[in-house]
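Based on the sequences and whatever the hints tell you, model everything.
Protein chains: 2
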Amino acid sequence: MKKLIGNAVVGQSGGPTAAINATLAGVIRGVKENVGDGAIHTLYGMRNGVQGLLEERLIDLTAFFDSEEKIKALEHTPAAALGSCRKKLPKLGEDEAVYAKLLSLFKQNDIRSFFYIGGNDSMDTVAKLSAYTKEHDYEMCIMGVPKTIDNDLIVTDHTPGFGSAAKYIAVTLQEIIRDCAVYTTPAVTIVEIMGRDAGWLTAAAGIPLAVDGLVPDMIYLPERAFSKDEFFEDLRAALAKHPNVVIAVSEGIRFADGTYVCEGFGIASVDAFGHKQLSGTGKALEHAVKNEIGCKVRSIELNLPQRCAAHLASATDLAESVMVGRAAVKAASEGVTREMMTILRESTNPYRVTIGHSDVSLIANQIKEVPSEFINARGNHVTKACAEYLLPLIAGEAAPAYKNGLPEFIIL
Amino acid sequence: MKKLIGNAVVGQSGGPTAAINATLAGVIRGVKENVGDGAIHTLYGMRNGVQGLLEERLIDLTAFFDSEEKIKALEHTPAAALGSCRKKLPKLGEDEAVYAKLLSLFKQNDIRSFFYIGGNDSMDTVAKLSAYTKEHDYEMCIMGVPKTIDNDLIVTDHTPGFGSAAKYIAVTLQEIIRDCAVYTTPAVTIVEIMGRDAGWLTAAAGIPLAVDGLVPDMIYLPERAFSKDEFFEDLRAALAKHPNVVIAVSEGIRFADGTYVCEGFGIASVDAFGHKQLSGTGKALEHAVKNEIGCKVRSIELNLPQRCAAHLASATDLAESVMVGRAAVKAASEGVTREMMTILRESTNPYRVTIGHSDVSLIANQIKEVPSEFINARGNHVTKACAEYLLPLIAGEAAPAYKNGLPEFIIL
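As given, the protein sequences belong to chains A and B, one line each in that order. For the first sequence, the numbering used here assigns the number 1 to the initial residue and increments by one for each residue that follows. For the second sequence, the numbering used here assigns the number 1 to the initial residue and increments by one for each residue that follows.
Read the hints as simulated data drawn from the structure, not as lab findings. Please read these numbers as outputs of a predicted model, since none were measured by experiment. Among the clues, some could well be false.
A pair holds if it fits inside one copy or across any two, identical chains being indistinguishable in the list.
Straight-line Cα separation of at most 20 Å, SDA-like style, residue types lysine to any residue; simulated pairs [claimed, not checked]:
| # | residue 1 | residue 2 |
| --- | --- | --- |
| 1 | K296 | Q51 |
| 2 | K72 | E286 |
| 3 | K403 | L214 |
| 4 | K134 | D110 |
| 5 | K91 | Q366 |
| 6 | K134 | V211 |
| 7 | K283 | R298 |
| 8 | K70 | P350 |
| 9 | K283 | E263 |
| 10 | K403 | P350 |
| 11 | K384 | K403 |
| 12 | K87 | P243 |
| 13 | K88 | T185 |
| 14 | K70 | L412 |
| 15 | K330 | H41 |
| 16 | K88 | T184 |
| 17 | K403 | N349 |
| 18 | K87 | K296 |
As structure tokens, then:
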């Protein structure tokens, strides 16, 4: 495709992360750096993703971000600064009006580049819009920029946002393990971590294995069927060794017959994308252990902080999040379109990555699970290979600026 | 009392905090600095508080902490490094054997100084041991060193450990509020914070009021009776203003008739000290809001991380925690006994404190609640005066050293 001159629009979609604004900052930096041939005139931000775009709620980001200080603050602000949405575009050919509205908006505002920062469902939006504009011969750069704490997008080595969530989980588990170690009475602590279908976040609890650090006694991922019998057997063995047992579980763990561990204890609801909204896996296990073993049991749900704890962001993750945003603009200015940016791992030790891009239509709606060589044979922990693979992603601390003891965030 | 030469023992008791080891480090520093007349020969650490002392499980801390590096690492290690206990000494005159055993241990090891780092229940131990040794004419320095995230000890302006927990709560709420703001659908997020009888920790959610920052829409402390009717009235008013309502509640909030808000939804158990062990206040409110309002509701229990998040410790809190430990040794070397160390606030702006000490028997078993001028008239938020009072306690960031992206803690 030839290089385009015109305006651009950027949006954020799906669940917030601690690094999604770093990617937005990367897009802003990319636009500001991208002068001359193929330059973008104005970068608009769509509020609340495509939902806000359809309602024409746009903000001129080129004008707002007039200083390095503001861009820097944005990089350290958690959650989508532009707002987010869970809107799924209709199937192509089903509701033409939505697409026609978007196309007319693009034409009206001379929007020639579209950057969408999001996860799996957002890439579905990118893929559909790519297909529609191609079909209607509108010359346009449509780029997906990955973001998800779940780390479940294929092709890319890992996703921006995952490293910061993984760091929060690994560090918080270190603290919880120390906290639980202070008493001598037998006690079980179950930590529930996000992860519906992929266990990457829960696997992060095992990262200290790579450096012979403290890890939970048991780690359960949704990639392996959960056996109640083996669980109690392993728990009894752990309690025989030391009084304070800590267990990390993914919210999405299932029994061999496919039913969620949390089921029977709570009712699962279904979201707009057909995903089951789970809760209470930790609580369900807490009750089960109380009944079966009878010792002190506590469950901790890491909940929202695991995805928005900017105060404990991974410096590596934030830097890469900026990189993919910036690289997306560069790629667009070179005529690339209908692709998702990717991170390619060149080497683990020393850690080295490059930024690439790949056909978004082949990435959307796929799930990358934790591979079997990263889970131990018993299915109750991660392997050292897994820990070594994940370790570089949490390297470095990237805290926001503080004033009066409180973080300074930017509000758009 | 005349100056004593001999050995000393230090213990940690009650719930862990992010700063309790900083106080232990302060005691170690105090002993190392306290040379010459009144010097302590060896400082022993009792494992698991008086429980471990009775079992003669001691560690030679003078020998272990042979470098500044180790002491520094101890200051940043969360949870009681010596282990803790919840043992309550029997009433004086009830079980003489326990006291006789302790006294003989003191004599046998030439222990002339006893430092006990803990909260309300630990000060009860200090007061009882003080009375017993006085009655038995054993010349000994017995010092209580305050520690509790609850900030509910009287006489002292505030307690070491509170500032770090308050900082964690204030910062995490900033992030949660940002996270909740990304969607446009009406949603209520209820954050449950520790605090059985005193609302200090929950009040910390309102600290940003002092600097016109983001605060939860409503804040409920146990100091005020909780009215379901007023709650729903205020919640409806908040939802009419913006779609994302965030509410902070103490675990210990009660209705006007004294029943806990969590009751009726779960059963409360009672611990060794006769305290009700609560859980589920957030969950109970989540259910109530779902039934009454019908919008999306989520509850988040900050749980253990609020007391062990060393990665987000307040620099002011850690420095003061070291100061009280160090000052306790100095006081003991000067012949002070049967007192608890205190922090006296000289001025709020600029923030200035001095360290003092006060009769422990008058402090134990009392509770300092949040005063009424710190709670608004409606009883659903804190006042600006409260926020301004708390603000200096969270000043400064004191993170542990990191290696490979993970914090470096010391294990005794």
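For each hint, the structure was consulted:
no.: 1; hint: K296 - Q51; verdict: between (47 Å within a copy, 19 Å between copies)
no.: 2; hint: K72 - E286; verdict: neither (42 Å within a copy, 37 Å between copies)
no.: 3; hint: K403 - L214; verdict: between (33 Å within a copy, 14 Å between copies)
no.: 4; hint: K134 - D110; verdict: within (16 Å within a copy, 87 Å between copies)
no.: 5; hint: K91 - Q366; verdict: within (17 Å within a copy, 65 Å between copies)
no.: 6; hint: K134 - V211; verdict: neither (50 Å within a copy, 51 Å between copies)
no.: 7; hint: K283 - R298; verdict: both (8 Å within a copy, 15 Å between copies)
no.: 8; hint: K70 - P350; verdict: neither (32 Å within a copy, 29 Å between copies)
no.: 9; hint: K283 - E263; verdict: both (11 Å within a copy, 18 Å between copies)
no.: 10; hint: K403 - P350; verdict: between (35 Å within a copy, 15 Å between copies)
no.: 11; hint: K384 - K403; verdict: between (40 Å within a copy, 18 Å between copies)
no.: 12; hint: K87 - P243; verdict: between (48 Å within a copy, 17 Å between copies)
no.: 13; hint: K88 - T185; verdict: between (50 Å within a copy, 15 Å between copies)
no.: 14; hint: K70 - L412; verdict: within (11 Å within a copy, 45 Å between copies)
no.: 15; hint: K330 - H41; verdict: within (14 Å within a copy, 68 Å between copies)
no.: 16; hint: K88 - T184; verdict: between (51 Å within a copy, 15 Å between copies)
no.: 17; hint: K403 - N349; verdict: between (37 Å within a copy, 15 Å between copies)
no.: 18; hint: K87 - K296; verdict: between (43 Å within a copy, 16 Å between copies)
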